[in-house]
Amino acid sequence: MLRIQIITIIASLAFLFLVFRMVVKGRLREEYSIIWLLFTGILVVFSFWEKGLLLVSNLFGIYLPANLVFTISIFIALVYLLHLSVVASKLQKQNKLLAQEMALMKIEMEKMKKEIKIK
Amino acid sequence: MMNILIIIPCFNEQASLPRLISDLENLKLPEKYNVSVCVVNDCSTDDTQQVAKNLDVILIDLPVNLGIGGAVQSGLKYALLHDYDLAVQMDGDGQHPPAELQKMVACYEETGASLVIGSRFIVKEGFQSSFLRRLGITYFHWLNKFFTGKSIYDSTSGFRLFDKKAIKLGARYYPDDYPEPESLVFFSKAGLAIKETPVIMVHRSGGQSSIRSFTSFYYCVKVTLAMFFSFIRKS
Numbered sequence: 204m205l206r207i208q209i210i211t212i213i214a215s216l217a218f219l220f221l222v223f224r225m226v227v228k229g230r231l232r233e234e235y236s237i238i239w240l241l242f243t244g245i246l247v248v249f250s251f252w253e254k255g256l257l258l259v260s261n262l263f264g265i266y267l268p269a270n271l272v273f274t275i276s277i278f279i280a281l282v283y284l285l286h287l288s289v290v291a292s293k294l295q296k297q298n299k300l301l302a303q304e305m306a307l308m309k310i311e312m313e314k315m316k317k318e319i320k321i322k
Numbered sequence: 010m011m012n013i014l015i016i017i018p019c020f021n022e023q024a025s026l027p028r029l030i031s032d033l034e035n036l037k038l039p040e041k042y043n044v045s046v047c048v049v050n051d052c053s054t055d056d057t058q059q060v061a062k063n064l065d066v067i068l069i070d071l072p073v074n075l076g077i078g079g080a081v082q083s084g085l086k087y088a089l090l091h092d093y094d095l096a097v098q099m100d101g102d103g104q105h106p107p108a109e110l111q112k113m114v115a116c117y118e119e120t121g122a123s124l125v126i127g128s129r130f131i132v133k134e135g136f137q138s139s140f141l142r143r144l145g146i147t148y149f150h151w152l153n154k155f156f157t158g159k160s161i162y163d164s165t166s167g168f169r170l171f172d173k174k175a176i177k178l179g180a181r182y183y184p185d186d187y188p189e190p191e192s193l194v195f196f197s198k199a200g201l202a203i204k205e206t207p208v209i210m211v212h213r214s215g216g217q218s219s220i221r222s223f224t225s226f227y228y229c230v231k232v233t234l235a236m237f238f239s240f241i242r243k244s
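Just so you know, the protein sequences line up as chains B and X, in that order. Per the working numbering, the very first residue in the first sequence carries number 204; after that it's consecutive. Per the working numbering, the very first residue in the second sequence carries number 10; after that it's consecutive.
By construction, these hints were calculated from the structure, which means they are not laboratory data. It cannot be assumed that every hint is accurate.
To be verified - Derived, one-sided and incomplete: chain B residues facing chain X with beta-carbon distance under 8 Å:
id: 1; residue: Lys254
id: 2; residue: Leu258
id: 3; residue: Gln297
id: 4; residue: Asn298
id: 5; residue: Ala302
id: 6; residue: Ala306
id: 7; residue: Leu307
id: 8; residue: Lys309
id: 9; residue: Met312
Stated by the list, open to error - Residues from chain X that keep clear of chain B, each with C-beta distances beyond 10 Å, as calculated:
id: 10; residue: Asn35
id: 11; residue: Ser45
id: 12; residue: Asn63
id: 13; residue: Asp70
id: 14; residue: Gly79
id: 15; residue: Tyr87
id: 16; residue: Asp94
id: 17; residue: Pro106
id: 18; residue: Thr120
id: 19; residue: Gly158
id: 20; residue: Lys173
id: 21; residue: Asp185
id: 22; residue: Cys229
Beta carbons are placed, not taken as given, at the ideal position from N, Cα and C, and that holds for glycine.
Construct the entire structure; sequences and hints are all you get.
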């Protein structure tokens, strides 16, 4: 077994464990963990199955397997960043709505308080 | 009887707010109008909250800073909730003299438009702002003409009157930051009649404009994009 292979196996397994633990502890929501689990899983598979990378590279017509790894991982990172921006936009929208509702409710509450005092 | 809600979005306006409110209290509008003033404190870091509490106004106290659009929208939501006939957005810094409100209301009565904009540019009097800012405003004028087909000169003006239809639409959707030009595209797509009336504006008596020079480029890009997307979005 190559030294680099041992390093990737350890690194990807450690990463997989980290994602697992975060989901278990409730620090990462399941819906966001899916993508991480999926790609860490792929990473683990390819770090064990050395020939697989070469095979897939040949399939895509890519000369160096390393280029395949870079291309795919950069692409996935980009897509995931876009997804996070969408999530942030959604959160901002909900946050705004909540703040407004709360401020409006506070007015009604003050009004009620005064009415109760009068009675 | 017509109920008007004056919405004053405030971010750190403790200096100018008391005078503005007392000016508004002394305002003379035709008999049938019943004016209420609503201050929206957009999570100010100064004493705006306390100052407003001591005044005889409806205070919408936002727990987080939402930006001018979110603040105005809160006021529109309040107006919708309490069934106001008209709402007027007015800056908290004293840039929009309350006396000019009469012109806006007169324009509304005359034209029945859903949205009346107080404009600095139809008649050139009073405070005209700097060259660069005027350049930007000219750009937005053309952009607006392109997107809405209407000639609106002061599309960045934050002095505007909403009727019931506009209140309802604005309460549902209003852009967050730099909302003025974009909302025009939105309102005009929804088929609302938009009219402009000349008003006199004065130099800011305190606080700082939400549009500062180093962010003005970002402002242009953001607003252009927002107007474009508002234009192609299905309403």
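Return the status of the interface hint for Ala306(B): holds when the least beta-carbon distance to chain X is below 8 Å, violated otherwise. holds, 5 Å
Holds or violated: Met312(B) as interface residue toward chain X, Cβ cutoff 8 Å? violated, 11 Å
Is the shortest C-beta separation between Lys254(B) and chain X less than 8 Å? Interface hint status for Lys254(B): violated (48 Å vs cutoff 8 Å).
Interface hint outcome for Asn298(B) [beta carbon to chain X under 8 Å]: holds, 7 Å
Grab the minimum beta-carbon distance between Asn63(X) and chain B and tell me whether it stays above 10 Å. Asn63(X) clear of chain B: closest Cβ-Cβ about 14 Å, beyond 10 Å.
Once the closest CB in chain B is found, is it more than 10 Å from Tyr87(X)? violated, 6 Å
Hint check: 8 Å Cβ-Cβ cutoff, Leu307(B) to chain X: This hint holds: Leu307(B) lies near chain X, its Cβ roughly 6 Å from the closest one there, short of 8 Å.
Beyond 10 Å from every Cβ of chain B: is that where the Cβ of Pro106(X) lies? Non-interface label on Pro106(X) holds, nearest chain B Cβ at 27 Å vs cutoff 10 Å.
Since Thr120(X) was said not to touch the interface, does its Cβ keep a gap of more than 10 Å from each Cβ of chain B? holds, 31 Å
Tell me if Leu258(B) is really an interface residue toward chain X, meaning its C-beta lies closer than 8 Å to one of theirs. Nearest chain X Cβ about 44 Å off; hint violated.
Verify this label for me: Gly79(X) is non-interface relative to chain B, using a Cβ-Cβ cutoff of 10 Å. The claim breaks: Gly79(X) does not keep its Cβ more than 10 Å from every Cβ of chain B (closest is about 5 Å).
With chain X as the partner, please determine if Gln297(B) meets the hint condition of a C-beta pair closer than 8 Å. Given a least distance of 12 Å, the restraint on Gln297(B) is violated.
Going through the hint list in order, the structure does not satisfy hints 1, 2, 3, 9, 13, 14, 15 and 21.
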